[in-house]
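Chemist: Residues per chain, in single letters:
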Amino acid sequence: MNNAPETQIADPSFEAMIEVGMEIHTFLSNWRHCDCMSTYLARMISHNRSDSVRHSNLFSAAFNELLEIAFRTRLPGGELACKVSRCGPIERVELIIPCTQEEQHFYVETVRHIEEGEGRERYLSSVSGDLSPSREVVLLELVIDYDATLRLEDVNGDAIKLVIDLPLEGLSH
Amino acid sequence: MTPFDSFPRFRAQYDGNNQEFSISGVLRPQSIEELAPSMALLRESIARVRGVFHLNIRRLTQMNNTAFHAFSRVLLDACRARPDLKFVVITSSVVGWTTQKFGRLSGIEPNIAVEEYDREFYPGQSFLEDGGFIPILRTQTKMTWRHERTVLPRHGMRSGIAMADICCGIGDFAVLAQKEFQPARIVALDHSKSSLAYARRVAADFDVRGIEYTYGDASEMLLDDDQFDLVTCRHSLQIFNKPELILKELYRICKPGGRVYVTNEKMSHCLGEPRSETIQWTYDELAKLFAYFNMDLEMGPKNRRYLVDAGFQDVRAESFMVTNLDGDPQDFADIVQSWEDTFAGEMSLRRGDSREFVDRFRQGFQDHIFSALHPKGYAGWPVWVASGRKPS
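As given, the protein sequences belong to chains A and B, one line each in that order.
Those letters in the first sequence? Residues 1 to 173, per my numbering, in order.
Those letters in the second sequence? Residues 1001 to 1392, per my numbering, in order.
None of these hints come from the bench; they were simulated from the model.
Take these hints with a grain of salt, some might be off.
Here are some, though not all, of the chain B residues that point toward chain A, as calculated from beta-carbon distances under 8 Å [unchecked claim]: (1) Ser1024; (2) Val1026; (3) Gln1030; (4) Ser1072; (5) Leu1076; (6) Cys1079; (7) Arg1080; (8) Lys1086; (9) Gln1100; (10) Tyr1213; (11) Gly1216; (12) Ser1219; (13) Gln1227; (14) Met1347.
A short list of chain B residues far from chain A (calculated; beta carbon distances all over 12 Å) [unchecked claim]: (15) Arg1028; (16) Thr1066; (17) Glu1109; (18) Gln1330; (19) Asp1331.
A quick note: this is a predicted structure, and the numbers were derived from the prediction, not measured.
Glycine included, every Cβ here is placed at the ideal spot set by N, Cα and C.
Just chain B, same shape as in the assembly:
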């Protein structure tokens, strides 16, 4: 046995319930004989199914031509032997060459379709990716940063560490973290190409160096295991319908002994005085609106449970309140206005809300702005923070 033999390679398995054969990992055999058990399983799997057969290669990060030819040969032969079957190859946009490579099979056999599973992705992404939302994202980060810069050191942030910011959005948190704490390395990952393009532009304009912006799916990242001392994921678990999948990945890329840091909201706890009742109603409804789109804007206090369930130790949890008294009250008002524009606009429309509902819904946001700008008013937006240590 050589040191190479212990390297993780690939995994092939069949899920009969979904008629899905999946291949993951690095697949670089010297000869097709090495693939014999997997090829046999693939043939047996195809023989068992009716209707549609799925070949899932979402988590296939490398495949050499020897392996590609072997698997495609089985698919092409099966197409000819079983014209009753449809074959769907499921790829990831993150590993774009797989779509291109397997796409050639569609040109040979029309019964083979290739689909990028993340082309129409996370339900919340389309609402928040719009370029018009970017200025407000920057304002939000500016306001939360006033708190987080003092919170972060309690959760593992320090100079010289290797850090990953997953779901980094427009990358402003990574820039602030770099300026304040000087980590040795920052990888900032997001699934929005437009946000990453913006982040790179900002980094170039301000001559910010040392942040590696990368396109990726937080639930299936290309990043290696055990790489980072601190993994941050802010305001993002709450907009995924399966946050436990993301946490599993955050855990995987975190070094043993390192920490994963998450922030989430509980929007029904947004508050304001005066006009507290209408404000309360609107934010209660906001949480329900997000729930309709499978997003949990009430997740904040659940951070601790999620981290414990994901296997983290030494879980630390706290919260802070962003208020109109943090700097310029107009910043707070601008944030709330953007919430109204997006949530009482496109989201409400897409749910099919009535005009009466939308008018009342908007009023709560306007009252929140009123409280923020009122000379004696108080407006708050609470954020829950938690981190956990990956066992050594």
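Extracted from the complex, chain A is given alone in its bound form:
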């Protein structure tokens, strides 16, 4: 695991804050990695927000869900990489998740549902449903409850890059 500052970010308006990388098999060795990493990163990036404690709590909640998604990957090799950058009230999380072709298809479909405005209905029906929350529900919740925007970049054979913008500073809750 390292947390060196990022040297290249596609959007220059976003300022690099922290970067974490970990071999996926190491990450998958303990479920608590999700909790520990989300708590640590949340504290690191929130100290200069208008309400550091509240921001840290919200960021940790959102980021932990993303890491839990990554934890459920079916591809045992590769590296989990995460970069957090900031532009004004928005934190951008760039998460590279090793995953299978089938999983990549799922992510593409989920983002499509969100872009087509089907997210809210699908999310609400999942809350009242019997099934355990799927990865799709978790991503939909980020959009609905955290006003997040999601997009996919660099979908290739072994990994996807999820880019999530979280405007937590402006959230009312």
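Given chain A, put chain B in place with the hints provided.
Modeler: Frame of chain A; chain B shown alone:
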């Protein structure tokens, strides 16, 4: 066993007397099987109750979707199986996402209500939150600071420390502390969003950096254990009906070996000459008025006992008197005028005091102002200070 296994996680328990199931801490299981004992307890608890079932998640700081789905599934199933029951989920405004997340259950089952326990909060807060009171709060801090800047080093204040100011109000004490003592870190917490907004504006206007203003409930803070070398809580324990709960939290966030510093008043000891008798009567009545609203403005000399009872060691206690001779006497007069406006105004009105009482009540404040501005007069407002060390 890995190092992770020793981390504190969550707690679930049932209080039969209050028909209340509570979950606290961080709840991020990998699978619902990890929650099996808690889920079983929740089902058993629901089976035992009649009328209203409370699910208390005030102190739940994190809950992942796996856990949320598991607990909400039990609630939704119970709603259908027990239409005779009402379910009330008690959340905290400090962890706002819980209200939103659990609020969705209300839309599915009308028998589920979600209530933020601190929406209508501390009895004294509404009287003091009014924006008109802010200038006087600043004047009060300016006058007490003349004393506290020399008092504080005897109670653990020094440069480079990590400090928290709990119930920081409009944040002016934190600014003064930062300028005078340069702590390495200051977290300033309050439960008034309007006061915090004011504090942030002032900090921005004066380019004051390094103070983390945060919204929170002093009796149930999100701050971690053992973080601060010095925790201050000024003029606040006296307006809470359960000060021991706040002290427990102050103790928790203080580092072992660090100190908790509190100030409180004993308003019946406010004094003035001339016209001492009418002044005395009014401040005696003021203490009774606050007691009516479950606030103890006589707490000052009890500081020491409260700290000892909370488990602190090396408890140090002292007092100082803010007087009309501290700087401009008009500042003192302005403070007393604001007390009269608020206490003989809205508070007295809300208690239902008679016109005759209010007139006499106001007269004591006016006489206090008279003594403050009198060329030979003396007016005082005593403040009690105490601090205790958290055992190492």
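Chemist: Min Cβ distance, B/Tyr1213 to chain A: is it shorter than 8 Å?
Modeler: 7 Å, holds
Chemist: Does B/Arg1080 pass the interface hint, meaning its C-beta sits closer than 8 Å to a C-beta of chain A?
Modeler: 11 Å, violated
Chemist: Would the hint on B/Met1347 stand, with a C-beta cut-off of 8 Å toward chain A?
Modeler: 30 Å, violated
Chemist: Just want to verify: B/Thr1066 was marked as not at the interface with chain A; is every Cβ pair farther apart than 12 Å?
Modeler: Incorrect as stated: the minimum Cβ-Cβ distance to chain A is 7 Å, not above 12 Å.
Chemist: Let me know if the C-beta of B/Ser1072 comes in closer than 8 Å to any C-beta of chain A, holds or violated.
Modeler: 7 Å, holds
Chemist: Against chain A, run the beta carbon of B/Val1026 and see if the smallest gap drops under 8 Å.
Modeler: 7 Å, holds
Chemist: Say whether it holds or is violated: B/Gln1330 keeps its Cβ farther than 12 Å from all Cβ of chain A.
Modeler: Holds, since 35 Å exceeds 12 Å.
Chemist: May I ask you to test the interface hint for B/Ser1024 with respect to chain A, counting a Cβ-Cβ separation under 8 Å as satisfied?
Modeler: At about 14 Å, which exceeds the 8 Å cut-off, the nearest Cβ of chain A leaves the hint on B/Ser1024 violated.
Chemist: Run the C-beta distances from B/Arg1028 to all of chain A and say if the shortest one exceeds 12 Å.
Modeler: Not fine: 5 Å to the nearest Cβ puts B/Arg1028 too close to chain A.
Chemist: Hold the hint about B/Gln1100 up to the distance rule: shortest CB distance to chain A must be less than 8 Å.
Modeler: 5 Å, holds
Chemist: Under 8 Å, Cβ to Cβ, is where B/Gln1030 needs to be relative to chain A, so tell me if that hint holds or is violated.
Modeler: Holds, about 4 Å.
Chemist: Mind checking the CB of B/Cys1079 against every CB in chain A and telling me if the closest is under 8 Å?
Modeler: Status violated, d = 11 Å.
Of the numbered hints stated above, those contradicted by the structure are hints 1, 6, 7, 8, 12, 13, 14, 15, 16 and 17, listed in ascending order.
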